Structure formats: C-alpha cells, structure tokens
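Asker: Residue numbers (our numbering), protein chains in the order written: chain G, 1 to 301; chain A, 1 to 346.
A couple of the hints might just be wrong.
[Unchecked claim] Partial chain G-side listing against chain A, Cβ under 7 Å, derived:
#, residue
1, 30
2, 34
3, 42
4, 57
5, 130
6, 132
7, 201
8, 204
9, 205
10, 209
11, 215
[Said to hold, decoys possible] So the derived list for chain A, only partly shown, Cβ under 10 Å to chain G, looks like this:
#, residue
12, 75
13, 78
14, 79
15, 81
16, 83
17, 91
18, 94
19, 104
Just so you know, the hints here were simulated from the structure itself, not pulled from any lab data. Small disclaimer: the values here were computed from a predicted structure and weren't measured. Yeah, the Cβ is synthetic: ideal placement off N, Cα and C, and Gly gets one too.
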Amino acid sequence: MLNRISTYFYQRPKLVLALFLAPPMLYMLVVYLGSLFSLLINGFYSIDDFTGIIVREFTMRTYTQVFNITNREIVFRTATMALVVTIVDALIAFPLAYYIAKFASPRLKTWLLIAVTIPLWSSYLVRVYAWKLILAKEGILSWFINLFNLTGALEWLLGLPGIGGSSLSLSPIGMFIVFVYIWLPYMIIPIQTALERVPGSLLEASSDLGARPSQTFRTVILPLAFPGVVAGSIFTFSLTLGDFIIPLTLGNSKFFIGQAVYSYQGTGGNIPLAAAMTMGPVVIMVLYLLIARRLGAFDAI
Amino acid sequence: MMNNPSAPAIRFDKVSRHFGEVKAVDLVDLEVGDGEFFSMLGPSGSGKTTCLRMIAGFDRPTSGKIHLYGQDVSSLPPYERNVNTVFQDYALFPHMNVEANIAYGLMVKNVARQERIKHVEEMLELVQLSGFAGRKPSQLSGGQRQRVALARALINHPKVLLLDEPLGALDLKLRQQMQIELKAIQKRVGITFIFVTHDQEEAITMSDRIAVFNQGKIEQIGSPSDIYERPASSFVAGFVGTSNLVGGEIAKRTTGSEQTFSIRPEKIHIGSMSDNPASGMISLDGVIRDVIYLGLFTRYLIETEDGVDLVVVEQNLKSTSMDVLSAKGHKVRLSWHQDHISRVGG
Chain G
1 MLNRISTYFY
11 QRPKLVLALF
21 LAPPMLYMLV
31 VYLGSLFSLL
41 INGFYSIDDF
51 TGIIVREFTM
61 RTYTQVFNIT
71 NREIVFRTAT
81 MALVVTIVDA
91 LIAFPLAYYI
101 AKFASPRLKT
111 WLLIAVTIPL
121 WSSYLVRVYA
131 WKLILAKEGI
141 LSWFINLFNL
151 TGALEWLLGL
161 PGIGGSSLSL
171 SPIGMFIVFV
181 YIWLPYMIIP
191 IQTALERVPG
201 SLLEASSDLG
211 ARPSQTFRTV
221 ILPLAFPGVV
231 AGSIFTFSLT
241 LGDFIIPLTL
251 GNSKFFIGQA
261 VYSYQGTGGN
271 IPLAAAMTMG
281 PVVIMVLYLL
291 IARRLGAFDA
301 I
Chain A
1 MMNNPSAPAI
11 RFDKVSRHFG
21 EVKAVDLVDL
31 EVGDGEFFSM
41 LGPSGSGKTT
51 CLRMIAGFDR
61 PTSGKIHLYG
71 QDVSSLPPYE
81 RNVNTVFQDY
91 ALFPHMNVEA
101 NIAYGLMVKN
111 VARQERIKHV
121 EEMLELVQLS
131 GFAGRKPSQL
141 SGGQRQRVAL
151 ARALINHPKV
161 LLLDEPLGAL
171 DLKLRQQMQI
181 ELKAIQKRVG
191 ITFIFVTHDQ
201 EEAITMSDRI
211 AVFNQGKIEQ
221 IGSPSDIYER
231 PASSFVAGFV
241 GTSNLVGGEI
251 AKRTTGSEQT
261 FSIRPEKIHI
271 GSMSDNPASG
281 MISLDGVIRD
291 VIYLGLFTRY
301 LIETEDGVDL
311 VVVEQNLKST
321 SMDVLSAKGH
331 KVRLSWHQDH
341 ISRVGG
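Using the sequences plus the hints, can you model the full thing?
Answerer: Structure below.
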C-alpha cells in the first residue's frame with residue numbers, strides 16, 4: 001500500500017510540488033498580501049468627524065489627508081531619519097563586516113558573529129528603555145561626557161535647532177543613536193555574507209595587476225559587496241520607517257509615521273487614516289527598491 | 001641596484017617561510033634564468049605554491065631574500081612588483097566583462113581608454129578569443145576563462161609570469177591542448193614563466209627546467225630528462241614517473257654496492273630463462289605474479305628470487321591481450337643495462 005502511494009507521487013512530480021508549495025503560497029496570498037490589500041482598501045473609507053464611526057463608502061478624503069501639511073512633515077521627518085540611520089549604519093557596519101569576513105580567524109569569526117547577534121536575543125523593549133536611561137540627563141553617557149570635560153560640546157549639540165532638546169534622550173539625536181544601534185546587526189550580517197562570497201583570490205588578483213588597496217576597494221570590493229549593502233539598507237530603512245516604539249520612548253513630541261499610525265488607530269480611533277498613513281512606507285519602499293534595482297543591486301542574485 | 005638585465009630573473013637566497021611550527025619553505029636557494037620556462041613540481045604541501053606566492057608578493061619570507069632581476073623585492077607589496085599571476089581558480093572579476101577584466105591592469109595605471117581597447121584587442125588575438133570582449137566570465141567555458149586570465153596577466157608585460165596550477169581544472173584533452181598553446185605563447189612573448197604543478201607529465205612536457213619540491217625543500221633542479229633519467233633521490237624517482245627502488249642484498253649482488261638505486265619500469269627487459277645476458281647487462285630471475293593489460297602497453301609485477309617485487313612495463317608491439325595475460329606464473333629472466341640505473345643513496 002505504502003509502495004503504491006510513493007509510486008503514485010513519484011510519477012506525478014508536479015502534484016508533489018503543488019502540495020508542498022500550496023501552504024506557504026496560501027499564507028503569502030491570504031495573510032500577507034491580503035492584509036496589505038485590506039490596508040489599501042481601508043484607506044478609501046473615512047471617519048465621520050462627528051460620531052467617530054467609520055463610513056464604509058469609497059472616498060479619496062482620507063488619502064488626501066495624508067498629504068496635508070502635518071502628515072507630510074511626519075513622512076518627510078521619518079524618511080530623513082531612516083535615510084540617515086541607513087547611511088550611518090552602512091558606514092559603521094562595512095569595516096566590521098569586512099574584518100569578520102576577510103581577516104578574522106575562524107574562531108574569532110564565530111565569537112564576533114555571536115557578539116553582533118547577541119543583542120537580538122534580548123527584548124527590543126528592554127534595550128530601548130536601557131538606552132533611555134543611558135541617554136538621560138543624569139545618565140551614564142552625560143556622566144562620561146562630563147568626565148572628559150565635553151559637557152560644553154554636548155550642550156552645543158543639544159542646542160541645535162530641529163535635532164536638539166533638553167537632554168539626549170529627549171532629542172532626535174538620541175533617537176538617531178538608538179535607531180543606529182538597534183538596526184546595526186541587520187546591516188552587518190548581509191554585508192558580511194556578501195563579502196564572504198568574494199574569493200580572496202580576487203583581491204590578490206587586483207593587487208597583483210597593480211591596484212593599490214584603495215583602488216581594489218573601489219573597483220572590486222565595493223561593487224561585489226553592494227548587493228549586501230542594499231539588502232542591509234532594506235532592513236534598516238524599512239524598520240526605521242515603520243518603528244513606533246523608539247519615537248514613543250525617546251525624542252520630542254514631533255511625530256514619526258509609526259507613532260502617528262499608532263495614535264490614529266488607538267486614541268484617535270481613526271482606522272482609515274491609520275491605514276492610509278501605513279501606505280506611505282510601502283510606497284517609499286517600492287520606490288527605494290526600484291532605485292536599488294536601477295543601480296544593479298540585484299544583478300548578482 | 002635596480003633592474004639588472006644580466007641578473008637572473010628570479011633568485012632565492014636562503015628563503016624560508018614558516019607558519020608557526022610548520023616550515024612550509026625551508027632555506028630554499030634557487031635561480032631562474034631570463035626567458036626560461038621553469039616548473040615547480042611537487043605534491044600538495046611541498047612548498048611550491050608558497051614559493052610562488054612569495055614571488056608574487058602575497059606572502060613574505062620569514063627569512064631570506066628574493067631578487068627580481070637583481071632587485072630585492074622581498075618586502076614590496078604585489079602592486080609594486082612587475083610580476084603577474086594566473087590563478088588556479090582564474091580569479092576573474094565576475095562583475096566585469098572580458099574586456100574590462102583584461103584591461104584591469106591598464107585601468108588601474110590610468111592608461112587612456114582608446115589605448116586600453118587597442119591592447120585588449122591584441123591580447124584577445126594572442127589567446128584566440130577575438131569577439132569575446134563583451135562576455136561576462138560566467139558566460140565562458142573553463143578553457144576560455146583560462147585564456148582570459150592569461151591575457152589579463154600578460155597585458156602588463158610582466159618581467160615574470162607566475163602560473164599556479166592553471167590547467168588543473170580542465171579536462172584531459174583541453175589540458176593537453178593548452179599545454180602546447182602556453183608553450184607557444186611563452187615563445188612568442190619571451191617572458192620568463194614560472195609554472196607550479198603537481199602533474200609530473202605536465203612539467204616534463206613544458207619545462208626548460210624543473211625544481212622538484214618535497215617538504216619545503218628542493219630535492220633536485222634540472223632539465224626534464226635529468227629529472228627523469230637521473231633522479232637524485234628516492235623521492236624524485238618515485239614522484240616523477242614510477243620507479244623500482246632496489247637496495248640491500250640484491251643491490252650489492254647486482255651492482256657491487258649496497259647503495260639503493262632506481263630503475264625505470266620500461267628499461268627492464270623480460271626474457272626467457274635460456275637468455276644469456278650480454279656484457280654491461282644486469283640480470284635477475286623471477287616469476288610473473290600479476291599482469292595488467294593497459295592497451296598501449298602491459299604492466300607486469302615480477303617477484304624476484306630474493307622476494308623483491310619489480311614493476312616492468314612493455315609495449316604491446318606484437319603481443320595481444322591473450323598473449324600477455326597468459327604469461328602469469330611464468331618464470332622469466334629480467335635484464336637491464338647498467339647505465340640505466342640511478343643511484344639515489346640511502
């Protein structure tokens with residue numbers, strides 16, 4: 001009997017493939033794309049300003065609201081933060097990933113990779129609150145800065161319009177520091193993986209043919225690591241775009257997208273506007289991926 | 001003293017390279033002449049590749065000096081040595097097409113684009129790949145990649161070209177064809193080639209001279225015929241071709257000295273028991289224990305009266321497989337010319 005079943009499947013490879021692929025495909029279609037579609041639709045509903053009840057009739061009113069001056073500023077502020085966080089993460093991650101991939105001994109490599117990923121083992125919330133304390137006015141960081149007599153520099157930094165505040169934990173600068181810290185592993189790992197796949201002989205060949213180290217970096221290492229940088233930046237960029245815990249915990253009263261969505265659907269009860277706001281990051285990410293493809297980031301995949 | 005054209009292309013002066021406790025290269029002295037096709041032959045881990053890497057500059061000697069046309073290059077980085085390498089895995093840049101790969105050496109030296117294109121075309125012609133400039137390395141076969149790697153290394157007109165087992169990844173037919181082609185290209189460009197290989201046949205076919213490496217030291221340096229016909233040590237006799245090593249009692253009885261000697265399987269003649277050895281011939285009686293028919297020739301395993309096994313190879317000039325296979329168990333009289341033995345000491 002078992003024999004006959006296995007023979008039956010052996011003769012029908014396409015059926016086997018369909019059986020294996022059906023559950024994940026269904027999940028993707030229904031749960032993943034379905035909820036995305038539901039968000040899109042909800043944005044076309046609106047809220048009755050007087051009663052607070054959702055009116056399930058097609059209208060462009062809610063999406064128009066996304067483009068009012070307040071929300072435009074929120075989207076711009078969030079996208080700028082995401083961009084700066086991504087660039088700084090890439091700059092910090094690259095040398096570290098390069099060292100792990102190309103210089104560290106196998107033993108050291110294991111330890112460094114553990115060190116990079118260990119923060120991910122603890123709760124994200126705990127780490128954000130820890131940073132809130134570190135960056136607080138009486139926190140360990142200001143204590144350190146005081147120790148080096150740099151309080152003046154810190155005060156100057158906090159006095160900058162737009163990004164300053166009364167303390168690091170209550171300023172966009174502090175928020176930026178925490179974002180950079182929180183998403184750094186998501187940038188290191190893809191770059192390290194990309195560099196790991198670059199054979200050492202390519203670097204030797206470049207040097208052999210007369211390229212100085214800086215030329216080898218520009219013409220061989222960077223182009224071959226670029227897909228990894230893009231993969232990492234997709235993480236750091238999209239995670240920053242959608243995050244609401246860090247803007248809630250740190251920084252000033254100025255809203256970020258995730259925070260706005262959180263308050264619209266929670267305290268505001270304006271689910272249609274929350275849904276419409278969510279489409280902001282989705283559109284930005286699609287544009288981002290299109291640009292990345294244009295730059296040849298996916299050629300190697 | 002900068003480049004001295006009368007100095008040897010490469011000179012090793014007591015060069016050692018240690019990796020911790022391991023002596024990968026141990027006090028090697030070596031000279032390679034201008035325009036020579038020089039092979040470094042040896043099993044893996046014998047130090048030949050480390051020597052090549054030290055010439056290229058990827059590795060530095062722990063002690064000793066390396067001279068390139070009289071100039072001490074021991075501590076120069078690879079990009080300041082006029083030496084280029086063809087890598088075992090070709091190491092072509094996957095994100096560049098054939099043209100950009102070959103032009104790389106000129107590009108990093110800021111040679112104008114027009115001139116680069118002209119030189120690339122010459123190189124493509126030299127390696128018979130005209131018309132492939134636009135292809136990516138992933139669209140080429142193994143043999144074509146090999147040619148691109150060669151063109152890329154030659155475009156800089158290096159003083160010495162280093163080849164690190166460049167034919168290892170090719171199949172037999174292609175390898176034989178590339179052997180001939182490499183040799184022809186070397187003649188045309190007149191550059192000193194240093195060729196690392198573990199394939200003794202390849203080394204013998206292509207080289208002007210061969211250095212046989214073993215455990216970080218050079219066992220013997222000489223022309224292919226020197227190495228094959230007069231191996232200086234039992235290691236060389238065993239590594240380059242097959243050889244019978246005979247020592248002790250039989251050595252004393254047949255040659256008058258207990259010193260071990262080597263005799264090549266094809267130099268031994270199998271005769272009948274009634275044969276009388278001519279003058280200058282050494283003879284031994286034995287029994288054919290095993291026969292392996294190999295088409296072009298037959299390999300016999302013969303046990304001598306003293307209990308020593310000798311391998312003998314004979315061409316199948318007149319005999320068929322039926323004839324040779326039926327010889328198993330026969331008593332035979334072996335003989336060889338005394339000049340064909342080589343004392344290997346020990």
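Asker: Taking the least C-beta to C-beta distance, is residue 79(A) closer than 10 Å to chain G?
Answerer: 5 Å, holds
Asker: Against chain A, is residue 57(G) within 7 Å by beta-carbon distance?
Answerer: Violated, because the Cβ-Cβ distance from residue 57(G) to chain A comes to roughly 53 Å (cut-off 7 Å).
Asker: With a cut-off of 7 Å, does the beta carbon of residue 215(G) approach a beta carbon of chain A closely enough for the hint to hold?
Answerer: Holds - the Cβ of residue 215(G) comes within 7 Å of chain A, reaching about 5 Å at its closest.
Asker: Against chain G, run the beta carbon of residue 104(A) and see if the smallest gap drops under 10 Å.
Answerer: It holds, given that the least Cβ distance between residue 104(A) and chain G is near 5 Å, below 10 Å.
Asker: Does residue 30(G) meet its interface restraint, that is, does its C-beta lie within less than 7 Å of any C-beta in chain A?
Answerer: Violated, about 38 Å.
Asker: With 10 Å as the cut and Cβ atoms as the points, is residue 91(A) at the interface with chain G?
Answerer: Hint on residue 91(A): holds, closest Cβ of chain G at ~4 Å, below 10 Å.
Asker: Against chain A, run the beta carbon of residue 34(G) and see if the smallest gap drops under 7 Å.
Answerer: 39 Å, violated
Asker: For the hint on residue 130(G), does the least C-beta distance to chain A fall short of 7 Å?
Answerer: Hint on residue 130(G): violated, closest Cβ of chain A at ~42 Å, above 7 Å.
Asker: With a cut-off of 7 Å on the beta carbons, see whether residue 204(G) makes it to chain A.
Answerer: Hint on residue 204(G): holds, closest Cβ of chain A at ~5 Å, below 7 Å.
Asker: Given a cut of 7 Å on the nearest C-beta pair, is the interface hint for residue 209(G) held or broken against chain A?
Answerer: 4 Å, holds
Asker: Tell me if the interface restraint on residue 201(G) is satisfied: Cβ within less than 7 Å of some Cβ in chain A.
Answerer: 4 Å, holds
Asker: Against chain G, run the beta carbon of residue 83(A) and see if the smallest gap drops under 10 Å.
Answerer: 8 Å, holds
Hint compliance for this structure: hints 1, 2, 3, 4, 5, 6, 12 are not met, and every other hint is.
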